[in-house]
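Engineer: Residues per chain, in single letters:
4 protein chains.
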Amino acid sequence: MSKNRLEAFSDGVIAILITIMVLELHKPDGSSWSALRQQLPTLLAYVLSFVYIGIYWNNHHHLLATVRRVSGVSLWANQHLLFWLSLVPFITDWMSETDFAVVPVAAYGIVLLAAAVAFFLLQGTLLRVEGPDSTLATAIGRDRKGKLSPVLYVTGIALTFVDRWLGIVCYVIVALVWLVPDPRLERVLTSAGSDD
Amino acid sequence: MSKNRLEAFSDGVIAILITIMVLELHKPDGSSWSALRQQLPTLLAYVLSFVYIGIYWNNHHHLLATVRRVSGVSLWANQHLLFWLSLVPFITDWMSETDFAVVPVAAYGIVLLAAAVAFFLLQGTLLRVEGPDSTLATAIGRDRKGKLSPVLYVTGIALTFVDRWLGIVCYVIVALVWLVPDPRLERVLTSAGSDD
Amino acid sequence: MSKNRLEAFSDGVIAILITIMVLELHKPDGSSWSALRQQLPTLLAYVLSFVYIGIYWNNHHHLLATVRRVSGVSLWANQHLLFWLSLVPFITDWMSETDFAVVPVAAYGIVLLAAAVAFFLLQGTLLRVEGPDSTLATAIGRDRKGKLSPVLYVTGIALTFVDRWLGIVCYVIVALVWLVPDPRLERVLTSAGSDD
Amino acid sequence: MSKNRLEAFSDGVIAILITIMVLELHKPDGSSWSALRQQLPTLLAYVLSFVYIGIYWNNHHHLLATVRRVSGVSLWANQHLLFWLSLVPFITDWMSETDFAVVPVAAYGIVLLAAAVAFFLLQGTLLRVEGPDSTLATAIGRDRKGKLSPVLYVTGIALTFVDRWLGIVCYVIVALVWLVPDPRLERVLTSAGSDD
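Top line first, the protein sequences correspond to chains A, B, C and D.
If you're matching positions, the first sequence starts at 1 in our numbering and goes up one per residue.
If you're matching positions, the second sequence starts at 197 in our numbering and goes up one per residue.
If you're matching positions, the third sequence starts at 393 in our numbering and goes up one per residue.
If you're matching positions, the fourth sequence starts at 589 in our numbering and goes up one per residue.
No wet-lab data here; the hints were simulated from the structure.
One or more of the hints may lead you astray.
To be verified - Calculated from the model, a selection of chain A residues having no Cβ within reach of chain B, i.e. all distances over 10 Å:
{"hint": "1", "residue": "Lys27"}
{"hint": "2", "residue": "Leu43"}
{"hint": "3", "residue": "Thr138"}
{"hint": "4", "residue": "Val177"}
Claimed, not checked - No farther apart than 20 Å at their CA atoms in a straight line, the calculated lysine-lysine pairs in the PhoX-like style are these:
{"hint": "5", "chain 1": "C", "residue 1": "Lys395", "chain 2": "D", "residue 2": "Lys615"}
{"hint": "6", "chain 1": "D", "residue 1": "Lys615", "chain 2": "A", "residue 2": "Lys27"}
{"hint": "7", "chain 1": "C", "residue 1": "Lys419", "chain 2": "B", "residue 2": "Lys199"}
{"hint": "8", "chain 1": "C", "residue 1": "Lys419", "chain 2": "D", "residue 2": "Lys615"}
{"hint": "9", "chain 1": "C", "residue 1": "Lys395", "chain 2": "B", "residue 2": "Lys223"}
{"hint": "10", "chain 1": "B", "residue 1": "Lys223", "chain 2": "A", "residue 2": "Lys27"}
{"hint": "11", "chain 1": "B", "residue 1": "Lys199", "chain 2": "A", "residue 2": "Lys3"}
{"hint": "12", "chain 1": "D", "residue 1": "Lys591", "chain 2": "A", "residue 2": "Lys3"}
Claimed, not checked - Partial pick of chain D residues on the chain C-facing surface, computed with a CB cut under 10 Å:
{"hint": "13", "residue": "Ala596"}
{"hint": "14", "residue": "Ile604"}
{"hint": "15", "residue": "Ile606"}
{"hint": "16", "residue": "Leu611"}
{"hint": "17", "residue": "Lys615"}
{"hint": "18", "residue": "Ser620"}
{"hint": "19", "residue": "Val635"}
{"hint": "20", "residue": "Val639"}
{"hint": "21", "residue": "Trp645"}
{"hint": "22", "residue": "Phe688"}
{"hint": "23", "residue": "Gly734"}
Don't be surprised by glycine CBs; every beta carbon is placed ideally from N, CA and C.
Using the sequences and the accompanying hints, generate a full structural model.
Structural biologist: Have a look at this one:
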């Protein structure tokens, strides 16, 4: 089974998810700067989720870059990942509407955690097809970021019940970990590309 | 007529359908776990429809994989399928808003039945072009799942009037029938691919 | 300028337009068949617009099939067409919400007319690049459907003020004119394709 | 890293942005021409934003046309551009809902300015990879439009506090500057294309 349509479909879903979140941004009540400022928490939650979905698109892109064929199981592992990502706009909206209340902030972390697990499972099904000597296996390597993220999510969820802002801080840290470019991965991909 | 733009357009519509359903998920009233729990029926209806649209994307992908050219009639048969799929978010919303009342659950089954019939018609128009000795005809074979599904939908619609949960059970069974991987189909497709 | 990204972008916009209309379908008030039946006018307006946007996708597909390169002017002519198509969900909603009142039915016809004119202009900019001996010019030929449609739209808009259902009948006739397959066009395209 | 998926993803997001704005168009209150006329400011704001997003799609298309590979930094510079564009529907809605009040009109200009800066940054990251002798560097040239636009946006934002319509006029002028075709750019691109 070719990977092209899988990539196209995933791109479509992720592009829609990153965009429809803007439909949840409520118009400020009034036409003043202070009315806009009241929407700041909503805007910041939007920024965080926008960055997260951007990271997933980016990682998905890298993950499939070296893969050639996709099994039926990978197809459903991919749908499973898209399912959890599809809950991000819903949970972002709940979190910002309740002004970052404890339970919604924890639920946000749970959705992020589930998406991370889904990504890990998808990676596993692709690795099983590609084998341990594949470019993909080399590119993933020890997968330190992939293993660190769930730990930080669980920590964030737990800390939310101490202070919800500690939870948010954990989620922001995970985003930053992924945003900072990873020279190793790009090096492996570049050398794999130049082998062709 | 090339199949590429048909695939791209169908992928686009299906990606949007699977994603906009999340816009129908209402925010919980309040910021507690129990407020989230009250949204559980809505979430489960969402999961069911998400899986169904995922199945259609998957089957559509397989159906067109071996096809080379598409006739004008197939194009409209494809639009007809997309039409019924486009009603899934609407009917899912009605079903979950009415807490799975009898008529909406039956109407949900009718939309699923109509989509299955539309898929069958699309398959027929493609088969007419490809011929009985084509890879497509071999891949479809006796089409046991395709013939079983409408029977189960009709059973589900009928049983809904006895007990609406029996209807839901039928729809879940059809989803599971399609979710379980079908080794025969993949075998045929793989061997067809390796012939190239 | 390559036509691929233009096709991809147009497909994206048209796929979204055909799909978001379903967001305007209001849930029936209640959970009975009669509650669903009250939504019938809305559903029929949805069907008509779904078919119209499907026709535009189909024609757009055919129009660009034989074109190789796209000028800057064609790009904006294409955006102009997408603009009018983007008003279809809005005007469909208005028409069905007002139970097919006179002015909204006329306005619906005006949007359809503007889209037809925009399609005609786009066709013109493409023809200017391709030349009178191109496959495109042969495929379009005398463009009887393209010339008949605006006449029928104007008739429909005028007749709406006599009886709004006469307007709807005109719009349905135009849709049927396009839906019925056109053997000449397919013949030309097929023979052009087999020349490659 | 290949540019194809970046183009596809950006096309997806931009297609969705240009389309979902129509969801913000409110139905006229009533079924008369005057009810429709009351929606005229909303419609004009929609037209302006539709044209702006069309311009960005067009420029994005040109920008990436001559580029071969995309760095990790360009990927995030692209996400950054998409972020600001994603706020256009939100800010358009605020502006039209408040009947073009001073602060929303200024905020609209700020979002346009931020998008222009993001485009400039994206262009810079691409130029760094391509080098000063690349087709891209030649195509961009002195980038007069790109340098004029931010100046006009800042002027527009400032003039909004004198008279909000002066701000709108400035934004319309920028749109016209980009809409008028630029023969130099097309010439360079055409000659680059014929070198292949």
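Engineer: Please go over all the hints and tell whether each is borne out by the structure.
Structural biologist: Status of the hints after comparison with the structure:
no., hint, verdict
1, Lys27, "17 Å, holds"
2, Leu43, "17 Å, holds"
3, Thr138, "26 Å, holds"
4, Val177, "27 Å, holds"
5, C:Lys395 to D:Lys615, "35 Å, violated"
6, D:Lys615 to A:Lys27, "17 Å, holds"
7, C:Lys419 to B:Lys199, "35 Å, violated"
8, C:Lys419 to D:Lys615, "17 Å, holds"
9, C:Lys395 to B:Lys223, "42 Å, violated"
10, B:Lys223 to A:Lys27, "17 Å, holds"
11, B:Lys199 to A:Lys3, "17 Å, holds"
12, D:Lys591 to A:Lys3, "17 Å, holds"
13, Ala596, "7 Å, holds"
14, Ile604, "6 Å, holds"
15, Ile606, "6 Å, holds"
16, Leu611, "6 Å, holds"
17, Lys615, "5 Å, holds"
18, Ser620, "6 Å, holds"
19, Val635, "8 Å, holds"
20, Val639, "8 Å, holds"
21, Trp645, "6 Å, holds"
22, Phe688, "20 Å, violated"
23, Gly734, "17 Å, violated"
Of the hints listed earlier, those the structure fails to meet are numbers 5, 7, 9, 22, 23, in rising order.
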